[in-house]
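Residue-level listing of the chains:
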Amino acid sequence: MATSDIQVAEHALQHHFADMEQQQETSTFGMWMFLVTEIMFFGGLFCAYLVYRASYYQAFVEGSQKMNIWLGATNTAVLICSSLSMALGVRAAQMGKPKLMAVLLLITIVLGCGFLGIKAVEYHEHWVNHEFPGPNFHFETGDPAHPATDPVHTEIYFSLYWAMTGLHALHMVIGVGLVTWIIIAGLGGAYSRAYFTPVENVGLYWHFVDLVWIYLFPLLYLISKKHGG
Amino acid sequence: MWKNLPLFPERASALAWQVDGLYFLLLGVSAFFTLLIFALILVFALKYRRSVHPHAVQIEGSLPLELAWTLIPLGICMIFFAWGSLIYFQEARPPKGAMEVYVVGKQWMWKFEHETGQREINQLHVPIGRDVRLVMSSQDVIHDFFVPAFRVKADVLPGRFTELWFRPTKTGTYHLFCSQYCGTDHSRMIGQVIVMEPVAFQAWLSAEGATGTLPENGQQLFQQLGCATCHRFDTQGRGPNLTGVFGKTVLLDDGRTVVADENYVRESILNPGAKIVSGFKPIMPSFQGQVSEESLMALVAYIKSLAQPQPNEPGGNHAPAPEKSNVQ
Amino acid sequence: MATAVQTVERENYLNSDYGIKSWLLTTDHKRIALLYLVSITAMFWIGGFFAMLIRLELLTPAGDLVSSDTYNKLFTMHGIIMVFFFLIPSVPATLGNFLIPLMVGAKDLAFPRVNLLSWYIYMVGAITALTAMVMGGVDTGWTFYTPFSTTYSNTHVMGAAIGIFITGFSSILTGLNFIVTIHRMRAPGMTWRRLPLFCWANYAAALIMVLGTPVVAITLLLVALERAFNIGIFNPQLGGDPLLFQHLFWFYSHPAVYIMILPGMGVINEIVTCFSRKRVFGYEFVALASIAIAVLGFLVWAHHMFVAGISVYAALVFSLLSYLVAIPSAVKVFNWTATLYKGSIRYETPMLYAFGFIGLFTVGGLTGVFLASLGVDVHVHDTYFVVAHFHYVMVGGMVMAYMAGLHFWWPKITGRMYPEAWAKLSALLVFVGFNTTFLPLFIVGYMGLPRRYHAYPPEFQVLNVLSTAGASILAVGYVLPMIYFLWSLRYGEPAPPNPWNAVGLEWMTPSPPPTHNFDETPIVTWEAYDYEHQPQEEVTVGH
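Chains as they are written, first to last, in our numbering: chain A, 1 to 229; chain B, 1 to 328; chain C, 1 to 543.
Just so you know, these hints were derived from the structure itself, not from any lab.
Built from N, CA and C at the ideal position, the CB exists for glycine as well.
Be careful, since some hints might not be right.
To be verified - Looking from chain A toward chain C, a few residues come up when the C-beta cut is under 7 Å (computed):
# : residue
1 : Q23
2 : T26
3 : G30
4 : F41
5 : G44
6 : L45
7 : G134
8 : V152
9 : H153
As the list claims (entries may be wrong) - Some, not all, of what chain B presents toward chain A, calculated at C-beta under 7 Å:
#  : residue
10 : P6
11 : N271
12 : G273
13 : A274
Stated by the list, open to error - List of simulated lysine-lysine pairs, DSS-like, C-alpha gap at most 25 Å:
#  : chain 1 : residue 1 : chain 2 : residue 2
14 : C       : K342      : B       : K47
15 : C       : K21       : B       : K47
16 : A       : K66       : B       : K281
Only chain A is shown next, with the shape it has when bound in the complex:
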């Protein structure tokens, strides 16, 4: 490891840590703890979802059938690719290649924004179809042969859809911000082979947000393949 690598690490060492190893272990532990709190945060919504789906399955099936599976699947692929580019970016940081890291993280941001763009398209679609809960909510299955059996609880499905994907999208926006910060700091020489913990930790956060989507997609989009479940 070059002296310059170690100098970067020493520069980043905070005064209350004995050595860089302690600092790195501590900050990684901190990020994992934070992700645990995020699991509990989303957990409340998942719990509400499970309770209502168990009681009103048919209403959820009908709501889910208004989701655009292709857009949802595309988004899933987009996020998985962004996690790949993120992981490769962390690897680039580990190899001491800040420019490569910047490129890979930029790809991550682009893919992340792509996700948000597709989400915006979906949201617009649902909005004009009166699928936003509240006084203007009006649900129709779109199939005259199978009218909505329980629109009251389909509205609950949509409430949870908007809340869960909205919270997820908010986390994506924060993630894009964090990755941007890493790119800027990285290009400014803040990281080296000996010190790239912030890159790793932002990577952890990004993977977590991706993982939440991996759960959201089947739960919201793939409830039942058949019409009338």
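Starting from the structure of chain A, add chains B and C where the hints point.
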């Protein structure tokens, strides 16, 4: 107790003795342990004060003691658990043949309707020695029906029926309190439960007057709202024949089974699409917004009265005891 | 009589830097602890002011002091402020922040900037909630039950809910900081088994903070969304379930009470050992009891819902678990009492508060066992019995522990001794005032008076008058320390590094400590509470 400074509530129900018994057991055990701890602290603090006991003796611990003061309280707690659960089971299972009263709570008053049709506001007359079962719902927010003298309470929910039962054992007038905070006049949502001798109660019923029993009112609504169009009393109807349905297990189109209790009937009227009976199409319209809580109760009472088919008419004037009162 | 001492002061964390920027941009855990101390003291007095108005109203059966709507706002705001803005942060954010790095031998917490952020988040949340209160108040009760809070209340529910939501993140970040610090920043030789039990207790509380708070955050967010967009997740008219709100709310709010009490229990460990000159009886059991309380505390939430409409079988399970969670607390009480046995006991103010804690927490905890009993709970649920129970554990327990800790560590934090005679008097007033206020409420509760009642039937008046009389004594007991603590900052006797001759790393630095805590990282070779080898000189007492 002294009239101006009562320190203990009256006992006016069969269960009150049990609740008080458990309470006094808890009180006794708690007082014992509290006094024990207070006494030990006092004794140790004095006996081992610095001026007379300048050198502390280091003691790491004692496994036997730790086990003792873990397991003994645990054992005592299990006794409390058993007794408390027994009382709770009794509270959750109203006896068959109980007299039923329907209760609507709303901000900030209680409305009662006896099965025989008498209505009351903020006062409930009941006969002594008879089991009384309340079927309750709220028109707005969560309330709670609480009679301290009977030692029972139950939340009164919007969107669902809940139940509560008691058997009064002492005549008199007792406080009724709403005990779930419900807004501005929560503390004024109070009333009285008046327990009377059976003869006096009958006299009160006659004097009070009623425009039809609850099942009769329900039957009228059943016609007016057009229910009878589909729910015929033969096999030709587009909806299930409701004779004898109440209290039985119903098979739904997705394979689930439910017991047709008060809440099932309620949901079927307000949101029929949530549960479709096997073999029928989901064509029943919702009556959400078209029926008040009182009307719902009348309809439920009517359908209950169809539990035992009569020789000539499908309906009946009284509500026989339901098979299984399972208001979940 | 001590006078203001003119000496050349040694450099410490208080005088190392001056000016408001040095405080508002500090990352020193000790300064952040003081920032919190000022904030939560302010919130305590606001919440206490509401309590005073409540007790004044309850002097008479009629609702004649304030209107019903105002009364409903008073108890709501009293509850919200005391629970979320006073009790939950109290010991962790002040004493925990100050002491944990010192106790483990570290220079600071793991994430000092996150610590400062945590205080700012607390302030934003507190100001948001206070703004809602000033702009007209909230009247849902601190429990926000739906559909009243989502659909029927005409008050500033969203402002209050958002304020609590924001402050929740302060709690989460503090808990995260504590967990990571205790895992990763212990000095060489400081094994888990040598950790002061104050650290074990705060660690257990931190686990709850981290796991539970996000759930109440999302729940209150849903309430706010429902008010804003009428989405109906908890509204039965729109297909929602009001009981779902209760489950989600209590999933946090029950463990929350253990967030409140565990750090207080941690304080008691330190004081009972010091003032008996003994190691704790059964160290491992007390440490594990803290963890057991944290774990079991997550499994009992529906004991708040026994009459809410849950199934009989669910009620049985939660009742059984609620008994189980009482046991580790009982074990602790027995262990503390046993620690006194053959000790060498002094009665300084911290120890008096500790005695008060053990006794009153016992009463409060035992009345919790009443509430775990299904048969009795049906009768006393939502009556003053419950109010008396939780004030016994929270005020008779937790606030006493907080006062004990403030007095015990005041010399370390400020470098000054408080006046002992006044402090003893205050402790006595608090004990007498507290019991006079809340013991009658058990009786009133069993008699059936529901809580949150603005007006009540006349037969309950005598006991209510007694309760209000007690409250005025209690108030004096709290005002006096405000005065003498402030007085001591200028006129208190300067404190030596270890005025109590206590064992613990925090006592091995000067009073007040230097910014970097230790000149050299300590190496720990002794067991926790090693009073056997601690010299026993005369304790320095302030006058």
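Evaluation of the provided hints:
1. Look at A:Q23: its Cβ only gets to about 9 Å from chain C, farther than 7 Å, so that hint breaks.
2. Hint on A:T26 holds. Least Cβ distance to chain C is approximately 4 Å, under the 7 Å limit.
3. Given the 7 Å rule on beta carbons, the hint for A:G30 holds: about 5 Å separates it from the nearest Cβ of chain C.
4. Taking 7 Å as the C-beta cut-off, the interface hint given for A:F41 holds, the closest approach to chain C being about 4 Å.
5. Proximity of A:G44 to chain C holds as hinted, the smallest CB-CB distance being about 4 Å (cut-off 7 Å).
6. Satisfaction of the interface hint for A:L45 is found here, the shortest Cβ-Cβ separation to chain C being roughly 6 Å, below the 7 Å cut-off.
7. Using the Cβ-Cβ criterion of 7 Å, the hint placing A:G134 at the interface with chain C is satisfied: the shortest such distance is roughly 5 Å.
8. Interface restraint check: A:V152 against chain C, minimum CB-CB distance 4 Å, threshold 7 Å, status holds.
9. Because the closest C-beta pair between A:H153 and chain C is about 5 Å apart, less than 7 Å, the hint holds.
10. Nearest Cβ of chain A to the Cβ of B:P6: about 44 Å, over the 7 Å cut. The hint is violated.
11. Checking B:N271 against chain A: minimum C-beta separation of about 6 Å stays under 7 Å; hint holds.
12. Using the Cβ-Cβ criterion of 7 Å, the hint placing B:G273 at the interface with chain A is satisfied: the shortest such distance is roughly 4 Å.
13. Satisfaction of the interface hint for B:A274 is found here, the shortest Cβ-Cβ separation to chain A being roughly 5 Å, below the 7 Å cut-off.
14. Using a Cα cut-off of 25 Å, the hinted pair C:K342 and B:K47 holds, with the two alpha carbons roughly 8 Å apart.
15. For the suggested pair C:K21 and B:K47, the alpha carbons sit about 53 Å apart, so the restraint of at most 25 Å is broken.
16. Between A:K66 and B:K281 the alpha-carbon distance is near 22 Å, which keeps this suggested pair within the 25 Å criterion.
The structure does not agree with the numbered hints 1, 10, 15 stated previously, though it agrees with the rest.
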